[in-house]
Amino acid sequence: MADQVTNSKGTSPSKAAEDDSGYWSANLRIITISLIIWALVSFGFGILLRPLLSGIEFGGADLGFWFAQQGSILVFLALIFFYAWRMNKLDREHGVEEE
Amino acid sequence: MDQFTINLIFVGASFAIYIGIAIWARAGSTAEFYAAGRGVNPVMNGMATAADWMSAASFISMAGLIAFVGYNNSSFLMGWTGGYVLMALLLAPYLRKFGKFTVPEFIGDRFYSSTARVVAVICLLTISITYVIGQMTGAGVAFSRFLEVDNATGLFIASGVVFIYAVLGGMKGITYTQVAQYCVLIIAYTIPAVFISLQLTGNPIPGLGLFSTHQETGQPLLTTLDQIVTDLGFNQYTAGTSYFNMALFTLSLMIGTAGLPHVIIRFFTVPRVADARWSAGWALVFIALLYLTAPAVGAMARLNIMDQFWPNGVEGEAVSVETIENDPEYDWMGNWIQTGLLGFEDKNGDGLIQYYNDANPDMQAMAAERGWEGNELTNFNRDILVLANPEIANLPPWVIGLIAAGGLAAALSTAAGLLLAISSAVSHDLIKTIIRPDISEKGELLWARCSMAGAIALATYLGLNPPGFAAQVVALAFGLAAATLFPVLMMGIFSKKMNSAGAIAGMLTGLIVTLAYLFTYLGILFIPGTNLLENVPENYLFGISPLAFGPVGALLNFLVAQAVSKTSAEPPVEVQALVESIRIPRGAGAAAADH
Chain A
1 MADQVTNSKG
11 TSPSKAAEDD
21 SGYWSANLRI
31 ITISLIIWAL
41 VSFGFGILLR
51 PLLSGIEFGG
61 ADLGFWFAQQ
71 GSILVFLALI
81 FFYAWRMNKL
91 DREHGVEEE
Chain B
1 MDQFTINLIF
11 VGASFAIYIG
21 IAIWARAGST
31 AEFYAAGRGV
41 NPVMNGMATA
51 ADWMSAASFI
61 SMAGLIAFVG
71 YNNSSFLMGW
81 TGGYVLMALL
91 LAPYLRKFGK
101 FTVPEFIGDR
111 FYSSTARVVA
121 VICLLTISIT
131 YVIGQMTGAG
141 VAFSRFLEVD
151 NATGLFIASG
161 VVFIYAVLGG
171 MKGITYTQVA
181 QYCVLIIAYT
191 IPAVFISLQL
201 TGNPIPGLGL
211 FSTHQETGQP
221 LLTTLDQIVT
231 DLGFNQYTAG
241 TSYFNMALFT
251 LSLMIGTAGL
261 PHVIIRFFTV
271 PRVADARWSA
281 GWALVFIALL
291 YLTAPAVGAM
301 ARLNIMDQFW
311 PNGVEGEAVS
321 VETIENDPEY
331 DWMGNWIQTG
341 LLGFEDKNGD
351 GLIQYYNDAN
361 PDMQAMAAER
371 GWEGNELTNF
381 NRDILVLANP
391 EIANLPPWVI
401 GLIAAGGLAA
411 ALSTAAGLLL
421 AISSAVSHDL
431 IKTIIRPDIS
441 EKGELLWARC
451 SMAGAIALAT
461 YLGLNPPGFA
471 AQVVALAFGL
481 AAATLFPVLM
491 MGIFSKKMNS
501 AGAIAGMLTG
511 LIVTLAYLFT
521 YLGILFIPGT
531 NLLENVPENY
541 LFGISPLAFG
551 PVGALLNFLV
561 AQAVSKTSAE
571 PPVEVQALVE
581 SIRIPRGAGA
591 AAADH
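So the sequences go chain by chain: A and B. 1 is the number of the first residue of the first sequence in our numbering; add one for each residue after it. 1 is the number of the first residue of the second sequence in our numbering; add one for each residue after it.
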C-alpha cells in the first residue's frame, strides 16, 4: 500500500490536491497511533504482556486481568471519541469538511 | 399476580411499543427502506447499533461463558468491543461518504465488477443467514421459558412481530424499534446486576464491585472466588492458559465484528461523515454499558452459586437435598430442573450435594477421604445464568418479567438487522442490479418488502429445523466476516491501486481457505463424523484452533489480493478518483443525492 499518499494519476498537482494528500497522510498517522494503543491495551496488557504486569496487584487480581475485563473497553471508547474529535478538527483545518 | 401474568404484561407491553413504532415509521421510498432516509441522529444510531449488535448470545450467554471459564473468556469482552475501533477508524466514515445502500454495492462499484459484487453477496448471505438461525432459536427458547408456550408457537409469534415492523418500515422501522429494544434490554440487564453487586460488595456499580472487597469475607471478591474454585479443583478464575490462541481468537472476533454487514449498514443511516465517526463512539458507549457489567455478573453469579452449594464453606458440609427442595432460597433450582437445564444426583447417597471438579486428579484423594463419589451437580447449562440471576439473588418477580422482555428484545433486534442486510442484498444487489436493472423505484421497494418477507420465512423455517451446525454459527459467521469482507473493504479504501482481479481472488481465497479449515476439524458442512481430522489441539496447523482462524484467512486474503493486483491492470482512472473522493468528507450530501 505504498500508494496511499500519492495523488491519482492525471490530475494536475493543484493546491487542493496537495491539501487532500496532506489531509490523508495526517489521517493515516492518527489511525496508526490509535491502532498501536488499541493493540497495546488489549493484546498487550490484556493478554501477551500480562505476565509482565502480574506484579501489579489490582482489586484481588492483577492489572492485566483488569485490562482484559474493563480497561481495554474503556480505552477503546476513549480512542473512538478522540478519533472523531481529532478528525473533525482536521477536516476543518484542511477545508474538506462537509457543507 | 403470578409470575406468568407478570411476564406476559412485560413482554406484551414491549411488543405493543414495537408495533406502535412500526406504524409510525413506515418507509415510503427505497432510501427510507435501506438507510432510514439518512436522517438518523448519531446518538440514536449508536443506540440502534448497540441493539443490532448485542444478540441473544451477548445478553444470555456471555456472562455464563465468563463465569465458568474466567479470565480466558475475556476474549469475548475485548473482541466484541475492540472491533468497533477498527470499524470507526477504518471503515464507517468512508463507507458513509460513498453514500450507497449495501456492502456488496460498495465492493461492486469500487472494484468495477458485477462478479465482485456477486461474490460479496454470497459472503454476506452465508454470514447473515447462519447468524440469524441463532437469533431465531434464542427467541424461541426465551418464549418457551417465560411464556410457557411451545418452541414453535414462540417462534411464530416472534416472526410475526418482526414481520410487521421490518416489512412495513424497513431500516427506518427497524432503527426506531432497535432504540426501544436497547432501552428494554439494558435496563433488564443492569437492574439485577446492581442489586447483586450491592449485596456482595456494597458497590452499586457492578464493574467497580468486581474489583472491590467482598463484604462477607473482608478480602477482595476475586481473591475469595479464586480460593473457593481452586479448593474445589476448578481452574483458578483469574489465571490464563493459552495466551497465543486467546490473542488470535480475540483478533478473529475483532476483525469479524468490523466486517459484519448488518452492523456496517447501520452507519449508512446518519446524515454526515462526521456523524458516522461520532456514532461509532456512541454505539460503543451503549455496548460498553452491558460489556463492562457482564464480567461482574459472571464472577458474582459464580460466587453466589458456589455459596449456595457450600453454605458452610468448602471445608464444611455441602448443601443437603432436603434444603434444596424446601428452602425458598433454593426455589430457582426447582424451576430450572423442570426445564432440563439443571440437574443433580446424590451419587454417594449421603443426602448432600457435593459440587466439585471430579476430573482434576488432585481432587481424587480428597474426595475419597471425604466419601465423595463424583461431582453431584450433573447438569448446569451456562445459558441459564443470566436468566436465573434475579431468582438466585431473590429479586422481586417484576425483575424476572423484565429479563424476559430484555432477552426477547436482544434476539429480535439482532434478527431484524440481519434480515435487512439479507433482504437488501437480494433486492438491491441481485434483482435491481443484475436481474432487472430497469426496475422502477416503486418496483424496487416492493421487491425489497418481498425479499424481507422471504428472508423472515427462511429464518423461521431454519429456526424450527435448525441444521446440525447451529452451534458452530458464531465461529463460521465471525471467521468468514474476518476473512472475506473486512480485508476487501479495507483495501478498497486504503489501497488506490487494488483492482478487481485482486479483490475477487482475495475474497475467494479467504472464503475457501476458512471454510476448508473449519470443515477439516468440525465436519464437512458441520455434519458430525465427516471431519478429516479430530478436533484436538495436537492436530491444529501451528496450534491454531478453528475458532481462531479468522485472522489467518484475512491475512491470506490480503496477500493473494496484493499479489494478483500487482500482476494485472491498474484500476481505471475514474475508480481511482472514486477512492480519492471517499477519503474526504466534503460533498457527502452530493454523493447520496446522485444515486
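Calculated directly from the structure, the hints in this document are not laboratory data. Don't be surprised by glycine CBs; every beta carbon is placed ideally from N, CA and C. Treat each hint with caution, since some may be false.
Claimed, not checked - Below 30 Å or equal to it, Euclidean Cα-Cα: the simulated BS3-like pairs (lysine-lysine) are:
{"hint": "1", "chain 1": "B", "residue 1": "Lys100", "chain 2": "B", "residue 2": "Lys566"}
{"hint": "2", "chain 1": "B", "residue 1": "Lys566", "chain 2": "A", "residue 2": "Lys89"}
{"hint": "3", "chain 1": "B", "residue 1": "Lys100", "chain 2": "B", "residue 2": "Lys442"}
{"hint": "4", "chain 1": "B", "residue 1": "Lys497", "chain 2": "B", "residue 2": "Lys442"}
{"hint": "5", "chain 1": "A", "residue 1": "Lys89", "chain 2": "B", "residue 2": "Lys442"}
{"hint": "6", "chain 1": "B", "residue 1": "Lys100", "chain 2": "B", "residue 2": "Lys347"}
As the list claims (entries may be wrong) - Just so you have them, the derived chain B footprint on chain A, three or more residues with Cβ under 8 Å:
{"hint": "7", "stretch": "28-36"}
{"hint": "8", "stretch": "61-67"}
{"hint": "9", "stretch": "74-87"}
Within 8 Å of chain B (C-beta), three or more residues of the stretch 74-87 of chain A: holds (count 9)
Just to be careful, I want the Cα atoms of Lys100/B and Lys347/B compared with a cutoff of 30 Å; is the pair within it? Between Lys100/B and Lys347/B the Cα gap is close to 63 Å, so the pair fails against 30 Å, i.e. violated.
Pair hint Lys100/B and Lys442/B, alpha-carbon separation not exceeding 30 Å: Holds: Lys100/B and Lys442/B sit about 18 Å apart, inside 30 Å.
Does the alpha-carbon distance linking Lys100/B and Lys566/B stay inside the 30 Å limit? Measuring from Cα to Cα gives roughly 28 Å; hence the hint holds.
Is the Cα-Cα distance between Lys89/A and Lys442/B 30 Å or less? 41 Å, violated
Are the Cα atoms of Lys566/B and Lys89/A separated by 30 Å or less? 36 Å, violated
If you draw a straight line from the CA of Lys497/B to the CA of Lys442/B, is it 30 Å or shorter? 37 Å, violated
So is the stretch 28-36 of chain A in contact with chain B by the C-beta rule, three or more residues under 8 Å, or is the coverage claim wrong? holds (count 3)
Against chain B, does the stretch 61-67 of chain A show at least 3 residues with beta-carbon separation below 8 Å? n = 4 at 8 Å, threshold three: holds.
Of the numbered hints stated above, those contradicted by the structure are hints 2, 4, 5 and 6, listed in ascending order.
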